[in-house]
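Novice: Given the structure of chain U, go ahead and fit chain F onto it with the hints provided.
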Amino acid sequence: MENIISPENIVYQKPKLLNDTDMHYCPGCSHGVVHKLIAEVIEELGAEEKAVGVSPVGCAVFAYKYIDIDWQEAAHGRAPAIATAIKRLWPDHLVFTYQGDGDLACIGTAETIHALNRGENIAIIFINNAIYGMTGGQMAPTTLMGMKTATCPYGRQADLHGYPLKITEIAAQLEGTCYVTRQSVHSVAAIRKAKRAIRQAFENSINRRGSSLVEIVSTCSSGWKKTPVEANEWMTDKMFDFYHVGDLKNTVED
Amino acid sequence: MKGNEAIAHAAIRCGCDGYFGYPITPQSEILETLAAEKPWETTGMVVLQAESEVASINMIYGGGGAGKRVMTSSSSPGVALMQEGIAYMAGAEVPGLIVNVQRGGPGLGTIQPSQGDYFQATRGGGNGDYYVLVLAPSSVQEMADFVDLAFELSFKYRIPAMILSDGVVGQVMEKVVLPPFKPRRTEEEILRECPWASTGRKGNRPINVITSLELKPEAMEKHNLHLQEKYKTIRANEVRYEEIQTEDAEYLIVAFGSAARIAQKAISDLRSKGIRVGLLRPITLWPFPTERIQQLSEQVKGILSFEINAGQMVEDVRLAVEGRCPVAHYGKMGGIVPTPDELIQALAKDFQINALNS
Chain U
1 MENIISPENI VYQKPKLLND TDMHYCPGCS HGVVHKLIAE VIEELGAEEK
51 AVGVSPVGCA VFAYKYIDID WQEAAHGRAP AIATAIKRLW PDHLVFTYQG
101 DGDLACIGTA ETIHALNRGE NIAIIFINNA IYGMTGGQMA PTTLMGMKTA
151 TCPYGRQADL HGYPLKITEI AAQLEGTCYV TRQSVHSVAA IRKAKRAIRQ
201 AFENSINRRG SSLVEIVSTC SSGWKKTPVE ANEWMTDKMF DFYHVGDLKN
251 TVED
Chain F
1001 MKGNEAIAHA AIRCGCDGYF GYPITPQSEI LETLAAEKPW ETTGMVVLQA
1051 ESEVASINMI YGGGGAGKRV MTSSSSPGVA LMQEGIAYMA GAEVPGLIVN
1101 VQRGGPGLGT IQPSQGDYFQ ATRGGGNGDY YVLVLAPSSV QEMADFVDLA
1151 FELSFKYRIP AMILSDGVVG QVMEKVVLPP FKPRRTEEEI LRECPWASTG
1201 RKGNRPINVI TSLELKPEAM EKHNLHLQEK YKTIRANEVR YEEIQTEDAE
1251 YLIVAFGSAA RIAQKAISDL RSKGIRVGLL RPITLWPFPT ERIQQLSEQV
1301 KGILSFEINA GQMVEDVRLA VEGRCPVAHY GKMGGIVPTP DELIQALAKD
1351 FQINALNS
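If you're matching them up, the sequences are chains U and F in order.
No gaps in the numbering here: position 253 of the first sequence is 253 in our numbering, and each next residue is one more.
Convert by adding 1000 to the 1-based position in the second sequence; the result is the number in our numbering.
Because the hints were derived from the structure by calculation, they are not lab data.
A hint or two may mislead.
To be verified - The calculated DSS-like cross-link candidates involving lysine-lysine, where the alpha carbons are at most 27 angstroms apart (straight line), are:
id, chain 1, residue 1, chain 2, residue 2
1, U, K65, F, K1216
2, F, K1002, F, K1332
3, U, K50, F, K1156
4, U, K249, U, K166
5, F, K1202, U, K36
6, U, K65, F, K1222
7, U, K50, F, K1202
8, F, K1202, U, K16
9, U, K65, F, K1202
With the rest of the complex left out, here is chain U (with noise of 0.2 angstroms):
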């Protein structure tokens, strides 16, 4: 075994950006696997020196624990507001926002379409699971049509609680987006065009070509009350249904 574990060997590494802190998320998440992605794509690109990014408030608001990279922690929402200006004062820097559906889709709305309309050269990375998972599984603006959650137990009703959001839709008709997409990390084929999606998005930010905006559709084994398994194949089975996954927009010459 010990003879096997060599340099010459090695066909896989942890980024180094990466670093070794336990993790605070469930069993079966797929922010562990974004993170990973995304400190990948900035030491690929080394932008390690000009990367600052902002996290949310909601599950991923302890981001800056696992990359090992500058970051802003937003208040509720405001982490485009805040991009917003870190990038127009750092013009070479890669600037990226990195939000659940309720901090992006609901109390962030407004920050969230003026930042892609107005072009600023920031990338947007939108976990979408359907539901408030730090809180404790709570109706989102994305929760689908019938769906179970703590406040909404009886299933998503129309008259009740509206219809869900597709924000990524909004965001591919606005002018100032140059790049929207929507990604999954549930197999190994979707990890790979996640992580080409958020390397395009990065790309755009330090290269200054308007707005992009990466939703990944995402589970939530423990807000949803799956298994990781039965989470991910419910993903595929009812999120993918309503949320189509593939490019929405791309107006940038490869």
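Specialist: Chain F alone, transformed into the frame defined by chain U:
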């Protein structure tokens, strides 16, 4: 020029890196002047009209957290909206400047002048135990001068600073000597002066995180004790005030901002009638000139706190005086600015100055 215009010109001249704001009367001239001056073509200063006051203050958080000299301005209802962001700045020790050109409230209130936000400015305004360093200009000249001073103090102590002005000082036109041009700091200077800022992690230094979050009670208490220690230092070192004719004063008026201008006229009228009245004008509302008012309370027969509100600063005056002499308040609300004569009558009535009643 107008006080609001002076703020804009001073910002460009004092090396300000960015302004982020949302229009509201009576201070929109600040953003309008900056937009007309186009400083992004000269000093490189960023000017952005944000989607709301909430976004504006968070842009200040982002910019200040990244080591830049950034500011916003608004008027009372807009500053109320900013309170969450100001509390986050205080918690995360982010420097930055907020200008409040006050109008009457509560709520949407009126667009006419007021000093009704004294409590909000000097008591933190948002959640938690914190203070904001508050400067109160009473002239267009001070509107210009306090921009650089506010930035200096804000970065020295890593505390949000506020210029608490009002609709009178913002709109009045006076002669002003603008400060000399000072270049914006270079990247090297920022990295040297703000080693804590999220400027991008260079080399192997520990990562810089701007946050007000700490879930462990012991660590959060430690952070709060650190903030309180800082506030103690500021109280000891940064109290600013102006005194006019207090040496022989039998009565004292305490007034700030535009009210202090009205008080000065009242005092010269009173002096011509042989009544010895002096003025103490707090320039910093927090930290408040508690000690000096305490000293003067040993000397005078009465103190009148004159404010364009229902009586807010009078509480700080009473805390300073601790019963050593009578303390009264006179003020008006609703956007009405009291006249010097009304102030004289209030003084005569409160302290039974018979010479004035004849």
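Novice: Which numbered hints turn out to be false for this structure?
Specialist: none
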